[in-house]
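There are 2 protein chains.
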Amino acid sequence: MPVNLTAPDPASLLPVKGVELGHAEAHVRKPNRKDLLVMRLSPGSRVAGVFTQNRFCAAPVVVCKQHLAKSSGIRALLVNTGNANAGTGEDGLLRARRSCEALAGLLGIADDQVLPFSTGVIMEPLPVERVVAGLPACVENLGEDNWANAAEAIMTTDIVAKACSKQIRIGGNMVTVTGIAKGSGMIHPNMATMLGYIATDAAVAQPVLEAMIRHVVNRSFNCITVDGDTSTNDSLILIASGQAGNAEIAAQDADYVALRDAVTEVAATLAQAIVRDGEGATKFMTIEVEGGKDEAECRKVGYAIAHSPLVKTAFFASDPNLGRILAAVGNAGIADLDVSQVQLFLDDMLVAQNGGRAASYREADGQRVMQQPEITVRVVLGRGDASAAIWTCDFSYDYVKINADYRT
Amino acid sequence: MPVNLTAPDPASLLPVKGVELGHAEAHVRKPNRKDLLVMRLSPGSRVAGVFTQNRFCAAPVVVCKQHLAKSSGIRALLVNTGNANAGTGEDGLLRARRSCEALAGLLGIADDQVLPFSTGVIMEPLPVERVVAGLPACVENLGEDNWANAAEAIMTTDIVAKACSKQIRIGGNMVTVTGIAKGSGMIHPNMATMLGYIATDAAVAQPVLEAMIRHVVNRSFNCITVDGDTSTNDSLILIASGQAGNAEIAAQDADYVALRDAVTEVAATLAQAIVRDGEGATKFMTIEVEGGKDEAECRKVGYAIAHSPLVKTAFFASDPNLGRILAAVGNAGIADLDVSQVQLFLDDMLVAQNGGRAASYREADGQRVMQQPEITVRVVLGRGDASAAIWTCDFSYDYVKINADYRT
Numbered sequence: 000m001p002v003n004l005t006a007p008d009p010a011s012l013l014p015v016k017g018v019e020l021g022h023a024e025a026h027v028r029k030p031n032r033k034d035l036l037v038m039r040l041s042p043g044s045r046v047a048g049v050f051t052q053n054r055f056c057a058a059p060v061v062v063c064k065q066h067l068a069k070s071s072g073i074r075a076l077l078v079n080t081g082n083a084n085a086g087t088g089e090d091g092l093l094r095a096r097r098s099c100e101a102l103a104g105l106l107g108i109a110d111d112q113v114l115p116f117s118t119g120v121i122m123e124p125l126p127v128e129r130v131v132a133g134l135p136a137c138v139e140n141l142g143e144d145n146w147a148n149a150a151e152a153i154m155t156t157d158i159v160a161k162a163c164s165k166q167i168r169i170g171g172n173m174v175t176v177t178g179i180a181k182g183s184g185m186i187h188p189n190m191a192t193m194l195g196y197i198a199t200d201a202a203v204a205q206p207v208l209e210a211m212i213r214h215v216v217n218r219s220f221n222c223i224t225v226d227g228d229t230s231t232n233d234s235l236i237l238i239a240s241g242q243a244g245n246a247e248i249a250a251q252d253a254d255y256v257a258l259r260d261a262v263t264e265v266a267a268t269l270a271q272a273i274v275r276d277g278e279g280a281t282k283f284m285t286i287e288v289e290g291g292k293d294e295a296e297c298r299k300v301g302y303a304i305a306h307s308p309l310v311k312t313a314f315f316a317s318d319p320n321l322g323r324i325l326a327a328v329g330n331a332g333i334a335d336l337d338v339s340q341v342q343l344f345l346d347d348m349l350v351a352q353n354g355g356r357a358a359s360y361r362e363a364d365g366q367r368v369m370q371q372p373e374i375t376v377r378v379v380l381g382r383g384d385a386s387a388a389i390w391t392c393d394f395s396y397d398y399v400k401i402n403a404d405y406r407t
Numbered sequence: 000m001p002v003n004l005t006a007p008d009p010a011s012l013l014p015v016k017g018v019e020l021g022h023a024e025a026h027v028r029k030p031n032r033k034d035l036l037v038m039r040l041s042p043g044s045r046v047a048g049v050f051t052q053n054r055f056c057a058a059p060v061v062v063c064k065q066h067l068a069k070s071s072g073i074r075a076l077l078v079n080t081g082n083a084n085a086g087t088g089e090d091g092l093l094r095a096r097r098s099c100e101a102l103a104g105l106l107g108i109a110d111d112q113v114l115p116f117s118t119g120v121i122m123e124p125l126p127v128e129r130v131v132a133g134l135p136a137c138v139e140n141l142g143e144d145n146w147a148n149a150a151e152a153i154m155t156t157d158i159v160a161k162a163c164s165k166q167i168r169i170g171g172n173m174v175t176v177t178g179i180a181k182g183s184g185m186i187h188p189n190m191a192t193m194l195g196y197i198a199t200d201a202a203v204a205q206p207v208l209e210a211m212i213r214h215v216v217n218r219s220f221n222c223i224t225v226d227g228d229t230s231t232n233d234s235l236i237l238i239a240s241g242q243a244g245n246a247e248i249a250a251q252d253a254d255y256v257a258l259r260d261a262v263t264e265v266a267a268t269l270a271q272a273i274v275r276d277g278e279g280a281t282k283f284m285t286i287e288v289e290g291g292k293d294e295a296e297c298r299k300v301g302y303a304i305a306h307s308p309l310v311k312t313a314f315f316a317s318d319p320n321l322g323r324i325l326a327a328v329g330n331a332g333i334a335d336l337d338v339s340q341v342q343l344f345l346d347d348m349l350v351a352q353n354g355g356r357a358a359s360y361r362e363a364d365g366q367r368v369m370q371q372p373e374i375t376v377r378v379v380l381g382r383g384d385a386s387a388a389i390w391t392c393d394f395s396y397d398y399v400k401i402n403a404d405y406r407t
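Residue numbers (numbering that gives the first Met the number 0), protein chains in the order written: chain E, 0 to 407; chain R, 0 to 407.
Since the hints were derived computationally from the structure, they do not count as laboratory data.
Note that this is a predicted model, so its numbers are computed, not measured.
Some hints here could point you the wrong way.
Where chains are identical, the list cannot tell them apart; a pair therefore holds if satisfied intra-copy or between any two copies.
[To be verified] Using 20 Å as the maximum straight-line C-alpha spacing, the simulated EDC-like pairs for lysine to aspartate or glutamate come out as follows:
id: 1; residue 1: Lys16; residue 2: Glu247
id: 2; residue 1: Lys292; residue 2: Asp346
id: 3; residue 1: Lys64; residue 2: Asp335
id: 4; residue 1: Lys29; residue 2: Glu100
id: 5; residue 1: Lys16; residue 2: Glu362
id: 6; residue 1: Lys69; residue 2: Asp397
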């Protein structure tokens, strides 16, 4: 079950002026579930995206990049679950484009003003006729107050829908940021998560929006890992509809920082929600690495811990098997690491130093911390001033069960 | 259960002249099990070793390297299970050295003529008094025909003991190669496995033996992975007792190649046995990567597949989820990979090409291959002539169970 995570109260999800959402049950793969989402953006909306680094990126990712590069202005997003349209070659591109054409026709916009997204099983043909057949229902219920349904419509193995909102004031105008995301396996660093959509009604210039999404993703979705696998479809989209009435943010000024931090907060909440709802997760771990020479090596150490199946199974068992954490630090690929300088903490408790167990450490104390649903592992490398944090979950029977049964 | 692997017939394990083995039940961690092994080498034996790259390498690894560097000739090896003496700081070094002193005293040799090895739980003090108390029993039953007991004495979570022998003729003399090894979690590339000992009675000059062990390890223990974690204690030792009567092999000549290939065959059999007995393994997979620009990128692709929890759970489920394999190839970090050139085979069956499923592929055929206990995944990258092979196993409920319960 998700770790300290419940579905958002629909009343807490604030409409973003200029962004309407419509959903449908299109039976893409399974009947009787929301599996299709349309987001319609008002004219003049700005859109920025970051996508998977996987070389086998999915057909919709290819089409998204093309449309973002050449479109006169994105006006709609189309998301289906149940089928990832990945590993589908040339035919997959045709099907992704056909779904864009169909939605463009219904909305009276150009084909390349639509961004397509797919998530689900890989290497099976997208049943595009079902997607197309579901679009009229999506368009019919388009509305600004439909974020809760939208969050549900993009779920696959997620147990809990992920969405949150935040409001800030910019120059006297109330600005809203609302986002949704889905996980929950194949989650890995260095790209967006599976799917994340964050919208604000603030007015933001395009180059500033591009800078903002890079900042945001490196402090949210690029800090999480469930199983170290990188999806073929990972996408994060940041939308600024420009309807809030603020003067357009055109430089990295104080208004920029205020909005950037609000978007980062929403993104980090969504990213952590993906980990809390990681496949089979029973624990939420924050891996803080400090005292590194640079942020890159801190992230390497953090991921070495967060990716270790032995560490993850020990957390599942609430077993303070500190040696596995030290072994992971030793495997992080820092050739000149002086292990005698490394300190390891569980929450605030020093558990290892000088290459071994701390004299003050008592196993019963470690056991107590490990039984918590949320645990911070802090590693001090003792060789510099850089730091990084990674969020991850444990590795349980249910992870294996979910992934062994996924297609059946 | 181990995949197509049974305990070796003791009669098939051939003595190596000049190498005696003695074991004991020393109750290092648990009673009533063989957990201590002494190997005594005749004077003039040559010994070469390769060790873990983990920065938190264990105390016995540090001592082994020191003794190999300065000793006038290694005369004994001492192995305990139940405790890894890793993550134990300065105190761990003292305990490792004390165990060497005790054995040296019993055998009448110098302390630095003993190599110590430990495997088991990490970060707990080695109960060196129990090790020392068990040594007389080991010395008492030293014998050249004791390889089967030796293989059992070094097991931890291994289900099946791992040992094999091979004989070849060199210049009219029969030469024997016999080896033992243990796994079976924390198995990862770029180092020896947990523990492996291979002995031959051939006469081999020291620099030639050093060259041989590098060749051997890169074609055996450095080609396997169970869970991607690197132990703090991995060690492979190659012993040449020089008792076979052959003229000393002092150059990389035909005799060298004959012996090297025999040792490689023994080492590859042992390495594959570790994977077959990988924690929770139900399938044995060979990942062949061909058509790469160099061997390094072929290994990267092979390990990206072999380390993917999603691929490993799909194999556990006998699910031909080819998309997960393609996604792993796409994640291997080859930035300029042209996925339209990649071909994927299950055994001899082409299943994917041109970025998608092969037209000839039928899911029922994939299903049939996936149900086999041994499966070859072949990836053709289509960008060069290099190749590499990786051996791995699947990821099951039992892997989680074994690693969640290990210390309890």
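Quick rundown of the hints versus the structure:
1. Only within a single protomer do Lys16 and Glu247 lie at most 20 Å apart by alpha-carbon distance; the minimum there is 15 Å, versus 85 Å between protomers.
2. For a Cα distance limit of 20 Å, the shortest separation of Lys292 from Asp346 qualifies neither inside one copy, at 23 Å, nor across copies, at 46 Å.
3. In this assembly of identical chains, the alpha carbons of Lys64 and Asp335 lie at most 20 Å apart only when taken from different copies (18 Å versus 40 Å within one copy).
4. Taking the shortest alpha-carbon separations for Lys29 and Glu100, neither the intra-copy value of 24 Å nor the inter-copy value of 69 Å comes in at or below 20 Å.
5. For the homomeric pair Lys16 and Glu362, neither the shortest alpha-carbon distance inside one copy (54 Å) nor that between copies (47 Å) is at most 20 Å.
6. Neither within a single protomer nor between protomers do Lys69 and Asp397 lie at most 20 Å apart by alpha-carbon distance, with minima of 44 Å and 51 Å respectively.
The structure is inconsistent with the numbered hints 2, 4, 5, 6, although it conforms to all the rest.
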